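Each chain is listed here by its residues.
4 protein chains.
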Amino acid sequence: MIKVLVAGFMGSMGQKTVQMVNENDDFELVGAYNPGIDVAHMQGMGLSNNVKLFSSLDDIETDADVWVDFTIPSAVFGNVKFAIEHGIHPVVGTSGMTTDQVNQLQDLAAQKHVGGIIAPNFGLSAVLLMKFAKEAAKYMPDVEIIEMHHDDKLDAPSGTAMSTAQMISEVRGDKPAPKSEESLKGVRGGDYHGIKIHAVRLPGYVAHEQVLFGGKGEALTIRQDSFDRGSFMNGVKLAIPAAAKATDLIFGLENIL
Amino acid sequence: MIKVLVAGFMGSMGQKTVQMVNENDDFELVGAYNPGIDVAHMQGMGLSNNVKLFSSLDDIETDADVWVDFTIPSAVFGNVKFAIEHGIHPVVGTSGMTTDQVNQLQDLAAQKHVGGIIAPNFGLSAVLLMKFAKEAAKYMPDVEIIEMHHDDKLDAPSGTAMSTAQMISEVRGDKPAPKSEESLKGVRGGDYHGIKIHAVRLPGYVAHEQVLFGGKGEALTIRQDSFDRGSFMNGVKLAIPAAAKATDLIFGLENIL
Amino acid sequence: MIKVLVAGFMGSMGQKTVQMVNENDDFELVGAYNPGIDVAHMQGMGLSNNVKLFSSLDDIETDADVWVDFTIPSAVFGNVKFAIEHGIHPVVGTSGMTTDQVNQLQDLAAQKHVGGIIAPNFGLSAVLLMKFAKEAAKYMPDVEIIEMHHDDKLDAPSGTAMSTAQMISEVRGDKPAPKSEESLKGVRGGDYHGIKIHAVRLPGYVAHEQVLFGGKGEALTIRQDSFDRGSFMNGVKLAIPAAAKATDLIFGLENIL
Amino acid sequence: MIKVLVAGFMGSMGQKTVQMVNENDDFELVGAYNPGIDVAHMQGMGLSNNVKLFSSLDDIETDADVWVDFTIPSAVFGNVKFAIEHGIHPVVGTSGMTTDQVNQLQDLAAQKHVGGIIAPNFGLSAVLLMKFAKEAAKYMPDVEIIEMHHDDKLDAPSGTAMSTAQMISEVRGDKPAPKSEESLKGVRGGDYHGIKIHAVRLPGYVAHEQVLFGGKGEALTIRQDSFDRGSFMNGVKLAIPAAAKATDLIFGLENIL
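Residue numbers (the UniProt record's numbering), protein chains in the order written: chain A, 1 to 257; chain B, 1 to 257; chain C, 1 to 257; chain D, 1 to 257.
Source of the hints: derived by calculation from the structure; they are not laboratory data.
Predicted model, so just to flag it, every value in this text is computed and none were measured.
Heads up, a few of these hints could be off.
Here are the in silico distance ranges between beta carbons for each label pair [stated by the list, open to error]: (1) D:N50 <-> B:D26: 27 to 37 Å; (2) B:L257 <-> C:G96: 33 to 43 Å; (3) B:D191 <-> A:Q104: 36 to 46 Å; (4) B:G46 <-> D:I37: 23 to 33 Å.
No farther apart than 27 Å at their CA atoms in a straight line, the calculated lysine-lysine pairs in the BS3-like style are these [to be verified]: (5) C:K3 <-> C:K52; (6) A:K81 <-> A:K3; (7) B:K134 <-> C:K138; (8) A:K81 <-> A:K112; (9) A:K3 <-> D:K138; (10) A:K185 <-> B:K3; (11) C:K216 <-> A:K216; (12) B:K52 <-> B:K3; (13) A:K179 <-> D:K237; (14) D:K237 <-> C:K153; (15) C:K3 <-> B:K3; (16) A:K245 <-> A:K81; (17) A:K175 <-> B:K185.
Derived coverage of chain D by chain A (criterion: at least 3 residues anywhere in the stretch with Cβ under 8 Å from a Cβ of chain A; other residues may be distant) [to be verified]: (18) 151-165; (19) 203-217; (20) 222-231.
Yeah, the Cβ is synthetic: ideal placement off N, Cα and C, and Gly gets one too.
Extracted from the complex, chain A is given alone in its bound form (with noise of 0.2 Å):
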């Protein structure tokens, strides 16, 4: 049985680990940290009377053996650094910390022996795309990526897309795309060290991802479909374990895959 500490647990990913952890039997709510929001209140969360809430980090006695954080940009740093500080392995799907933070943060985890996993994506089919796609361009180096979002999302390429571009280029090495003449500019999309990114942006649509791969006669194609933030639970559930009795800080889901 592993004893977690939900950090952020008001918020919507918050709540969903609440409930992903209360169905696991392997698993049991020990915690829950919410800054700035009166316990009293906390209480009217349904939260079994086992579960000690928190509202600030000084406050915090726990036995928790892990603690998932879906918090704030400015708050994660902070959180991390207290949580391996005090013997507790960090599950971390907050975003926004800066390449120093998150290498201080993994000094601090290999010098405490006190490991768990940051990942930018929890979604099982993203990370399993990034991985397979990844190992595919080693045997057939001709690959495109199409992501398509909703129309709402402003920036394209989609994160995804690009670390897949850069996993993708690692192993293949710069290659330049074929060789075209657009008579519509940008129809040939944006390149990334050779790999073609294409975004689509269509109502409906939610988030989605495709690898193409070329090679003579044949294709294959990794596509990944997130329906639902609810997907993430699915990774969130095998970092928890696998956070547990990690002895470094990983980076990315990919890696205890």
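Since chain A is already given, all that's left is putting chains B, C and D on it; use the hints.
Leaving out everything else, chains B, C and D in the frame of chain A:
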């Protein structure tokens, strides 16, 4: 029984036409024309003795009902003019005529009451895709196009993708694509009156197109794959009887479907 | 401005209809009906004061042009009869009427010159898929259907897949599927007049259907994805003005597209 | 430089191998074997003078490092035995050996320290699909398989689909498919230890396979398309150097990736 003459019968598409006509009980091959090749040589091509062979336009005497033309850009206009003037209904798959030339031929056809069909694409799947895309866009105006071809195709986007965009644009009018901020230039594709077009070039691929429609909570995708230019014969087979009874020179296979 | 009454407005689809009507400048919500709930309770639902609330059919007095019905199988026949008799054009999304009931209502509508629409599926993408599939089958009669739904859906195939097969079958007639030898029983799917149907059930999936056409050297695929039942509102929005001017009771959204 | 002998070099796959070896700077064609055809005839095949031609196993004298075998079921066992005994590393694409024969050859290879590769499928995309599917099933055990082939393929499911199911089943064990009620028999597909398999047969299609994984709120799909048997050469090209240094007789291309 429709009597057919094949112009350019020694080329790849001409040969496929000869084979298709021979396999079809409703058609009879009565003439085969290929300029610049002596008739003695043509006799070795395995055609039936009933097929009259011609190596020059001037020599052609035929009772053909339909003239199927897979020749070359410089010859097609003269060929089709000859056919109409001699009361033979043209089915034209040769590319390269100007809009002006097509208009001239349409006028001639109307005047002589000898109609036929000129089609840039005889692939049924491509033509159906365009037809359906145009219809869907009335109800689902949010749309993007992805075309995928082999890596030797230099021009982008494909002619079919551009035609698709034009047909969609006719029904939905100008509608800007969702606002985006590209962190990698070109990633949002080419823009045709607000319709984003993406072109993929990969070895192994042949000729494929997808039209993606999105609406609140739903998506519709129409995809066509051309694995082989032999697929053009599916369209030529439909075009021959339609041309035989046409009184206008129709442009586009979709207009007989 | 079309005046709308929503029957079953407290249910999930009714609520979506209320919201859609309120967001649309061409429609005005003038009545809301939900049996068995007292009007005092209904007043707390946040509707405008101009909306008349009814909890019993007998009490309804309204100048509504259109009656949108998302109620229950046992109530829908009576509701639609009431609407037509009072000159209100019905838009019916409630399932459960028999063919005989539908016929009776169609007779009544014709007699009263008060038309409307009954549709088993208001998802635009699903209706367009069926329409296009029927048309494509004229030219590409070799076809199979794959439907994909969440793993809680017990019945297979889906109603939409069966309707698609029926519509295709009408145009292409009986045509046996290619001969196969199954080394694993059932692998070639179900057979509806020679059209093979395959049903996939997986967690994460919502409601999706693909129709695959194959021809010599080419393929055409039409796919629709329903991510959310909110997508039904796309169809209801189209149905309201069409119903308002209909003089017959039309069955199937495809017949107004 | 790896010296290669091609057995069955006059067949379709043998010819493709000859061409691939000739185009590759790391390989040298030193021998070509085809039983039952006189050497004089073989000399007309356009091979370089440095290639020794053999029409009988007994006559073969060669310094080849690797023996690529695309022959016939009745000959392959004898050929591979001959190769191993003469210190030539086999790359075997010929089908038809029994498990017992494969085991015998593996024993012989181990004893002689002359390894190689036997692969039922040299298509890289198919092999990568199987490998990834096996890995994904550890994390996303809910899975179905759809294979799609041309309408002349009589047997269903395809060998690759069955192999995929077997590999997935090894890692996820028995897990019943979701409960369904079929209103049309067979619609839920074939069942291999709880993995549903669906086979599509349509003209135009070549050889394609999809593996669909579903999890809470997400989906992962791996798809491969073989447009042309020439794609097998992508795998043979990888297998030759791997075989040349193998000390075991490896079964399955996936085991060298």
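message: So if I understand the rule, the pair passes when the alpha-carbon distance is 27 Å or less; does A:K245 with A:K81 pass?
response: holds, 18 Å
- prompt: Holds or violated: C:K216 with A:K216, Cα cutoff 27 Å?
  reply: holds, 21 Å
- prompt: Are the Cα atoms of B:K134 and C:K138 separated by 27 Å or less?
  reply: holds, 18 Å
- request: Take a look at whether the Cβ-Cβ distance between B:D191 and A:Q104 falls inside 36 to 46 Å.
  value: holds, 44 Å
Pairwise beta carbon distance, B:G46 to D:I37, judged against the given window 23 to 33 Å: Check passed, 27 Å falls within 23 to 33 Å.
message: Between the alpha carbons of A:K175 and B:K185, is the straight-line distance 27 Å or under?
response: holds, 18 Å
query: When you check the alpha-carbon spacing of C:K3 and C:K52, does it fall within 27 Å?
result: Judged against 27 Å, a Cα distance of about 12 Å means the pair holds.
- request: Would you check the hint for A:K81 and A:K3, treating anything up to 27 Å between C-alpha atoms as holding?
  value: holds, 19 Å
- request: Decide if the proposed pair is consistent with the structure: A:K3 and D:K138, CA atoms, cutoff 27 Å inclusive.
  value: holds, 24 Å
- prompt: Are the Cα atoms of A:K185 and B:K3 separated by 27 Å or less?
  reply: violated, 46 Å
message: What's the verdict on A:K81 and A:K112, does the C-alpha distance respect the 27 Å limit or exceed it?
response: holds, 11 Å
- request: Measure nothing beyond the straight line between the CA atoms of A:K179 and D:K237; if it is 27 Å or shorter, mark the hint as holding.
  value: Status holds; Cα separation ~26 Å.
Consistency note: the structure conflicts with the earlier hints numbered 1, 10, 14, 15 and 18.
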